[in-house]
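There are 4 protein chains.
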Amino acid sequence: MTTQVGQFINGQQVAPQDGNLIDIHNPSTGAVCRQVEMASSARVQHAIDTAQAAFPAWRATPPAKRAQVMFRLKQLLEQHSDKICALISEEHGKVLHDAKGELQRGIENVEFACGMPQLLKGEHSKDVGPGIDAWCEFQPLGVVAGITPFNFPAMVPLWMWPSAIMCGNTFVLKPSEKDPSSALFIAELAAEAGLPPGVLNVVNGDKAAVDHLLEDSTIQAVSFVGSTPVAEAIYKKASENGKRCQALGGAKNHAIVMPDADLDNVVNALMGAAYGSCGERCMAISVVLAVGDEVGDALRVRLSQQVETLKVGAGCDNSNDMGPLISEAHYQTVANFIESGVSQEADLVCDGRGLSVEGYENGYFLGATLFDHVKPHMDIYQKEIFGPVLVMLRVPDMQSAVNLINEHEYGNGTCLFTRDGEAARYFIDQVQVGMVGVNVPLPVPVSYHSFGGWKRSLFGDLHAYGPDSVRFYTRRKAVTQRWPSANLREGSQFSFPSHS
Amino acid sequence: MTTQVGQFINGQQVAPQDGNLIDIHNPSTGAVCRQVEMASSARVQHAIDTAQAAFPAWRATPPAKRAQVMFRLKQLLEQHSDKICALISEEHGKVLHDAKGELQRGIENVEFACGMPQLLKGEHSKDVGPGIDAWCEFQPLGVVAGITPFNFPAMVPLWMWPSAIMCGNTFVLKPSEKDPSSALFIAELAAEAGLPPGVLNVVNGDKAAVDHLLEDSTIQAVSFVGSTPVAEAIYKKASENGKRCQALGGAKNHAIVMPDADLDNVVNALMGAAYGSCGERCMAISVVLAVGDEVGDALRVRLSQQVETLKVGAGCDNSNDMGPLISEAHYQTVANFIESGVSQEADLVCDGRGLSVEGYENGYFLGATLFDHVKPHMDIYQKEIFGPVLVMLRVPDMQSAVNLINEHEYGNGTCLFTRDGEAARYFIDQVQVGMVGVNVPLPVPVSYHSFGGWKRSLFGDLHAYGPDSVRFYTRRKAVTQRWPSANLREGSQFSFPSHS
Amino acid sequence: MTTQVGQFINGQQVAPQDGNLIDIHNPSTGAVCRQVEMASSARVQHAIDTAQAAFPAWRATPPAKRAQVMFRLKQLLEQHSDKICALISEEHGKVLHDAKGELQRGIENVEFACGMPQLLKGEHSKDVGPGIDAWCEFQPLGVVAGITPFNFPAMVPLWMWPSAIMCGNTFVLKPSEKDPSSALFIAELAAEAGLPPGVLNVVNGDKAAVDHLLEDSTIQAVSFVGSTPVAEAIYKKASENGKRCQALGGAKNHAIVMPDADLDNVVNALMGAAYGSCGERCMAISVVLAVGDEVGDALRVRLSQQVETLKVGAGCDNSNDMGPLISEAHYQTVANFIESGVSQEADLVCDGRGLSVEGYENGYFLGATLFDHVKPHMDIYQKEIFGPVLVMLRVPDMQSAVNLINEHEYGNGTCLFTRDGEAARYFIDQVQVGMVGVNVPLPVPVSYHSFGGWKRSLFGDLHAYGPDSVRFYTRRKAVTQRWPSANLREGSQFSFPSHS
Amino acid sequence: MTTQVGQFINGQQVAPQDGNLIDIHNPSTGAVCRQVEMASSARVQHAIDTAQAAFPAWRATPPAKRAQVMFRLKQLLEQHSDKICALISEEHGKVLHDAKGELQRGIENVEFACGMPQLLKGEHSKDVGPGIDAWCEFQPLGVVAGITPFNFPAMVPLWMWPSAIMCGNTFVLKPSEKDPSSALFIAELAAEAGLPPGVLNVVNGDKAAVDHLLEDSTIQAVSFVGSTPVAEAIYKKASENGKRCQALGGAKNHAIVMPDADLDNVVNALMGAAYGSCGERCMAISVVLAVGDEVGDALRVRLSQQVETLKVGAGCDNSNDMGPLISEAHYQTVANFIESGVSQEADLVCDGRGLSVEGYENGYFLGATLFDHVKPHMDIYQKEIFGPVLVMLRVPDMQSAVNLINEHEYGNGTCLFTRDGEAARYFIDQVQVGMVGVNVPLPVPVSYHSFGGWKRSLFGDLHAYGPDSVRFYTRRKAVTQRWPSANLREGSQFSFPSHS
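Residue numbers (the numbering used here), protein chains in the order written: chain A, 49 to 548; chain W, 49 to 548; chain U, 49 to 548; chain S, 49 to 548.
FYI, nobody ran anything at the bench for these hints, they're computed from the structure.
Predicted, not measured: the structure shown is a model, and the values here were computed from it.
Fair warning: there could be bad hints in the mix.
One copy or any two copies: either way a pair holds, since identical chains are not told apart in the list.
No more than 25 Å apart at the CA atoms, straight line, and that leaves these computed lysine to aspartate or glutamate pairs for DMTMM-like [unchecked claim]:
id : residue 1 : residue 2
1  : K503      : E288
2  : K503      : D97
3  : K285      : E263
4  : K431      : E288
5  : K285      : E457
Assemble the whole structure, with the sequences as input and the hints as a guide.
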């Protein structure tokens with residue numbers, strides 16, 4: 049019988065009992081590997097209530113003591129790394145070594161959370177006026193929620209809840225229903241690490257659960273990562289309901305290749321950045337802008353050579369470079385984009401369709417695909433494909449490349465390949481993108497910086513994880529204090545007071 | 049003929065020409081003192097376009113050079129202080145010494161903005177990975193808007209635009225149409241201080257202008273201060289239109305008076321905090337919670353004695369303690385609240401109605417009003433009155449007082465009067481309010497801290513002015529940089545990269 | 049045969065071979081428990097050379113990777129906590145539960161060091177001039193040394209080297225020759241945690257070793273904790289030799305007891321703070337200032353009652369409150385102080401001399417001692433005794449108490465017992481002491497703040513551990529960068545340049 | 049009669065009365081332009097006593113109020129800029145436009161000091177333990193002293209005292225006796241700006257005055273800028289006397305010119321950086337390292353061409369590029385260096401000796417001098433010349449250049465000219481120098497960063513001005529606070545306390 053996955057509430061697994069089960073597929077085989085219960089509204093409410101009940105005691109726990117849980121969690125994540133990666137790979141399809149990279153990034157967010165006593169420091173000002181001191185405290189919000197996508201089932205939750213709970217909040221996580229098991233297992237590890245029951249709760253569900261979270265008046269804030277249309281809808285709804293919200297959406301990340309770039313490095317970098325995790329990363333490079341035809345021609349040759357040797361196969365085999373797409377439906381979406389590229393007269397250099405992996409004939413495998421001579425009006429340029437499809441445009445100079453990037457709807461990540469200091473500085477300054485790489489194809493900020501795109505890649509003003517997450521998950525409280533002398537007589541002041 | 053006030057666009061006054069003029073009254077006399085043009089949609093658009101045109105050059109101006117404008121503006125504000133205060137007092141009604149206090153606070157925001165080179169520093173990390181550096185830059189957003197209330201016509205605009213433009217943005221301000229002249233005059237001073245044309249623009253208008261700003265796609269962010277219903281509506285609309293927004297709303301600020309408090313101090317503090325500026329301050333104390341009847345009885349006696357001696361009169365006479373309300377309509381609203389208090393059986397100790405100021409018989413004067421034995425269900429307790437009406441409730445102990453505050457809709461400011469360190473610490477920790485005073489009746493944070501309430505007193509996650517404003521008015525850009533060796537060959541990496 | 053302790057160099061124990069062995073006594077029994085080799089000059093030089101050799105690779109290791117060693121070290125310290133505490137207790141004499149407290153504090157310094165990637169961030173300024181950026185990096189110094197005292201043989205080394213090496217330095221530690229074993233064992237744990245050989249080295253020795261470290265030109269900085277005369281000498285010598293130095297010295301920490309203090313709490317707090325670890329703590333309370341005779345009389349009665357019930361005995365027995373002094377010589381010093389108190393006519397309320405602990409007759413036990421009516425001129429007030437001797441002075445008011453503290457040679461720690469907010473604020477503001485407690489008898493800053501006294505309690509400008517330690521163990525490097533356009537011609541500038 | 053310059057004590061000029069007058073020469077004419085009194089020991093003591101007397105009230109003045117003085121001082125410095133520059137130029141000899149650059153930099157330090165309320169913020173931690181809060185305050189030291197050099201008579205004092213006094217200290221400045229008038233005049237402006245008497249005092253003198261300052265027990269800290277031998281002596285003496293000290297010394301700043309550098313830019317940059325202010329700047333470029341003979345040959349040609357056109361003459365004529373040296377004695381020192389270069393067989397390309405300026409035949413003029421093919425062992429390479437002498441070495445590659453820099457005694461400033469991002473990053477990382485420029489010849493950090501060299505260019509751990517100066521001029525006070533419940537009974541704790 050298929051294993052059934054339920055919820056994690058109040059420090060323990062809650063087995064399915066509401067009857068609404070959906071299948072989880074192994075994308076490498078196409079087979080159902082588990083079933084997950086879509087939590088009923090009552091169950092979601094129970095999770096929220098539990099989190100609310102746990103809040104006062106957790107809020108009163110000193111940050112340094114909270115941090116002990118994070119220190120232990122780091123150990124447990126490292127200790128159980130193989131199991132977590134296996135769960136990720138089985139449900140998501142990505143190759144194990146890639147799952148390992150994902151988990152490592154998640155662990156780094158836990159490491160950052162260990163430093164919370166330092167990060168939560170408020171600002172203290174002696175003598176803002178005669179005998180008057182002022183300071184601010186960053187206090188927790190209460191119950192906050194996270195809604196996370198399928199493509200990084202372990203990492204993106206770890207962007208959110210470790211920081212949120214270390215700030216003193218309690219948390220309800222709704223992971224993707226396509227691959228929830230790693231997040232659930234990590235919640236168990238958190239409990240083992242000493243996290244008090246109710247501080248972290250995981251509920252599975254679909255739009256109904258999301259709506260419940262967005263409408264509930266207990267939830268104070270929502271962090272979301274997913275596609276832009278959903279991010280926008282969630283941001284609006286959360287804002288409408290008086291919650292603070294940060295909603296991270298889609299991307300179309302461009303790499304500019306300058307004539308002075310080391311092409312061997314560029315090709316290696318692009319192969320990983322475009323096709324790693326089958327292109328299902330919001331930081332994947334999906335557009336390459338070749339500055340000059342010489343660069344374009346050379347890239348076309350070298351990339352297509354590399355694509356030939358790319359090893360596509362099941363996620364559980366570490367010798368593979370790339371695994372399957374997440375689902376049959378998504379396979380079709382990506383294939384349709386390829387078709388649209390052809391029909392809009394882009395130059396299809398490598399066609400990943402029709403790939404069959406021996407022994408995994410029902411897996412959702414699509415080979416690495418490369419288009420050249422793509423034009424800005426084409427759908428394969430305009431839209432986020434979220435698959436192993438790299439499109440190349442030829443541009444005459446760097447300014448044209450920067451213009452293209454700045455005119456695009458998305459502004460998540462970008463990269464410039466060059467050796468030239470001036471070009472790099474100009475690019476960093478001018479490009480309308482939140483995360484900028486110079487010779488770094490996937491400029492995902494390390495855990496002690498913050499992650500966020502610009503334009504329609506992020507709704508909200510604070511970025512994810514790192515320093516911004518501390519501000520997002522806390523409320524500023526400003527205190528002004530003065531101790532009166534017993535015998536001091538003071539005249540009433542009817543003017544607006546100026547301390548200084 | 050009545051002076052007609054227009055807009056301030058592209059570095060100069062734009063005389064009314066669209067024909068839609070409304071009257072500005074002097075609340076002390078009831079007479080029309082000016083007329084202000086409600087900007088047409090085309091005019092608002094012109095202001096936005098002007099700001100957008102000024103953006104690239106201003107963004108490229110080094111912050112230390114931008115700051116020179118602020119240094120000069122501080123001088124000019126001090127130099128023209130009498131004129132500014134006269135404008136404030138004439139159109140708003142507050143007494144000149146109170147206008148001076150307001151302006152002083154505004155100047156302090158300009159002083160803070162002078163320090164922007166220090167405040168804009170990003171975080172730099174060497175060696176986030178082998179040979180890889182990362183840093184963040186806080187870049188300006190573009191054109192941002194501010195919508196400000198009548199009660200601090202000079203100060204609240206200065207909360208916003210100095211910080212915003214020092215971050216490199218350009219600005220469109222829409223001040224209150226009831227008293228726009230001080231903000232317009234200050235914009236002229238900014239131009240005199242060297243602010244390039246188009247960086248700061250002021251448009252007058254009503255809901256139509258506000259809607260234009262909220263719907264325009266050029267505007268990147270909106271700062272608002274006003275009543276809670278409008279704040280909420282603006283926050284929703286701005287969020288819906290993809291803008292970042294901070295919307296500060298109303299308040300019902302409670303002061304708790306403990307039995308160990310020095311009552312002379314308390315009474316003096318409460319008189320100013322409740323009746324200063326006629327109670328038209330979002331930080332006014334409008335509720336006093338007497339802990340124990342002994343305190344309550346004593347306060348009742350002393351407050352009513354003080355009310356007797358309170359001098360109410362025209363704003364232009366510095367010997368007055370309190371001026372008129374802003375308008376006839378608002379006078380009626382406040383008077384209705386008093387009536388409702390009586391009809392809901394609160395104990396009306398001092399009744400400010402029926403006051404007539406000699407020589408100013410048409411002014412909107414309402415005397416200081418005090419209710420005792422008010423109950424939580426009454427409208428005069430639940431609602432923000434925004435007038436010189438102080439309501440007292442008797443509570444048996446401090447916990448009851450804290451509970452009342454935490455259950456109230458608003459969470460802007462609050463104050464505890466005590467000598468006891470433990471009581472203060474408990475209060476600071478537990479109270480669900482953004483700005484907390486200990487023996488400081490109006491705990492408005494100084495300019496180098498940030499201003500913001502909790503609950504329905506603020507929509508958004510970042511507070512006004514101070515450090516939070518720098519984060520609000522900038523976008524974080526995360527850069528990751530690596531310089532390749534010419535001869536280095538690197539294998540493609542298909543796993544998700546971990547720098548460390 | 050007695051175990052012989054050597055050095056820890058280049059990642060491993062170096063057995064004694066230079067022949068210069070001295071005895072380590074167990075203060076509870078008086079017996080020799082180990083012998084420790086005083087490193088020869090060649091051996092000390094070897095440790096320095098080893099540290100220097102390890103520097104380039106360690107400096108180039110990304111901070112986040114360095115931090116992995118700290119994460120593992122924390123685990124190992126917790127795992128081997130019993131063994132470490134046994135070593136501490138055996139060689140120092142303190143009771144095991146007290147050793148546990150010491151170790152816990154040391155572990156917290158390791159936790160702080162785990163956050164180094166965040167702490168090492170430099171400041172980045174875009175556009176300090178047109179097209180010019182500037183930032184600073186905090187780079188390691190090279191080889192640094194720590195010289196630590198007997199009284200916290202595990203904790204004080206952990207104040208220093210975790211922060212120092214996480215900043216990228218390599219380290220030579222010279223622990224106290226009286227109880228070196230816990231520091232040596234912890235160095236082994238660090239190696240087990242993955243610290244590369246040579247990054248941390250431990251040499252045992254006396255003044256000759258210290259002088260070697262202070263004179264060697266490779267050593268860049270010295271951290272010292274010990275008595276004031278030695279601290280001063282070390283600071284001068286290090287400064288003379290061009291090293292940066294922080295040298296923490298002695299203390300005479302006063303507690304003020306106000307009439308409104310809760311005396312039960314005060315007495316409990318004072319008992320622990322005065323007699324814990326036999327008073328051999330630089331943060332021990334050794335002077336109590338009773339404000340008013342009523343307080344003084346009450347304290348005298350209650351403290352002497354408590355002293356009666358104080359359980360003094362061997363460090364290995366966790367039921368004891370207090371163990372022996374560190375050595376026979378130190379016993380004599382403390383006993384002489386008691387004698388001097390008597391001869392200078394202080395009022396000896398409790399006399400700890402003549403105590404004999406059954407089964408431990410050769411231990412260096414001295415009972416808790418209390419003097420009342422002590423005067424400022426007496427030696428027992430002027431000098432640091434570093435034993436279980438508490439002296440009480442009667443003062444008429446708080447100002448007199450503050451004056452006494454401010455006139456004393458030392459300024460390490462102090463505490464005020466009161467309930468009064470105003471008294472606390474005044475005390476914090478006015479007292480010339482580096483670490484101030486309000487109702488906290490031992491105000492040792494937590495690991496994410498910094499530790500340091502004022503006046504002759506600290507030589508140097510930066511405090512120990514916490515944020516100051518990051519600044520102490522790094523050099524600021526300021527970078528100003530501009531990328532020229534190829535074709536830009538610029539005139540020479542002979543004036544001193546101003547970027548803005 | 050020659051004007052006689054005295055001291056500035058307690059808010060006013062003190063005319064000479066002690067009789068010990070020395071001449072101030074105008075280096076452009078060689079004539080005596082003023083006489084300055086060397087303060088007697090009693091006078092120096094009076095300045096110290098005055099500063100001490102002013103300390104308590106100034107310390108208690110809120111930082112925001114102190115800052116008002118800085119805001120006004122900035123205005124006054126701008127308003128009196130011509131007079132200040134005339135004084136600088138007359139006594140120092142530098143050309144007026146260069147004096148203007150100097151003053152501008154000094155004003156920027158005043159601007160930084162205006163932001164002190166923000167900069168003085170301490171760190172506040174809620175809940176370091178159950179119910180325990182902790183924070184730190186940065187409190188002033190007391191009376192601090194500054195000793196400044198002749199080469200930037202207005203700027204270097206402004207590096208020090210604005211920051212020091214804004215931190216709440218009071219100050220005694222001893223400027224160079226060669227050109228004290230600008231510093232004295234600026235002190236008058238500070239008084240005019242509202243600085244209370246005694247907060248800033250200026251005493252003139254020589255080694256006797258310096259020794260007095262270093263030996264006086266009231267002085268808490270000393271900032272010094274001058275030559276390395278004096279810096280070292282002052283650092284040792286101050287340290288010996290228990291003062292904190294930062295002593296900035298000499299320099300030999302190397303510029304590396306890479307083959308890909310834009311030579312037109314390089315030549316322009318080097319001309320200004322080597323010969324501006326006659327080379328009497330601690331940030332002057334005095335060594336150029338040409339990478340490859342092609343670069344070396346080209347630089348030799350172009351630099352010598354530029355030297356031909358360099359206009360040398362009186363400081364008061366703004367058309368000049370370079371003025372005289374500071375004194376006849378210094379002229380001889382520099383001339384001797386040139387002679388030694390010749391005798392050690394360096395290749396003298398341009399010889400500045402024998403220059404005569406028409407109308408200024410008694411001025412201390414030395415023309416721009418260029419040596420090529422200099423070797424590392426030569427005195428003109430090893431020693432700081434502090435004159436208009438640029439020496440060029442040829443090196444085969446960048447690594448050789450970096451090695452030379454790292455082996456030199458000094459480590460103040462350096463610059464790399466290149467277009468290559470990798471070269472820049474390697475240089476920044478590896479070079480053992482405190483202030484690093486990339487295509488910026490004089491990488492003096494802007495006022496909101498800090499200034500300091502490495503190796504024997506700076507003694508002390510904190511750099512001058514900017515953020516480090518705030519730490520240097522304050523003492524950290526760590527507060528730990530807990531408020532007891534009245535009825536709480538707590539057991540004594542004899543173990544070392546761990547808050548968490």
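Hints, one by one, checked against the model:
For a Cα distance limit of 25 Å, the shortest separation of K503 from E288 qualifies both inside one copy, at 20 Å, and across copies, at 14 Å. Proximity of K503 and D97 under a CA criterion of 25 Å is satisfied inter-copy only: 19 Å between copies versus 35 Å inside one chain copy. Taking the shortest Cα distances, K285 and E263 sit within 25 Å of each other both inside one copy (8 Å) and across copies (18 Å). Proximity of K431 and E288 under a CA criterion of 25 Å is satisfied inter-copy only: 22 Å between copies versus 28 Å inside one chain copy.
Taking CA atoms no more than 25 Å apart as the test, K285 paired with E457 passes in both settings, with 21 Å inside one copy and 21 Å between copies.
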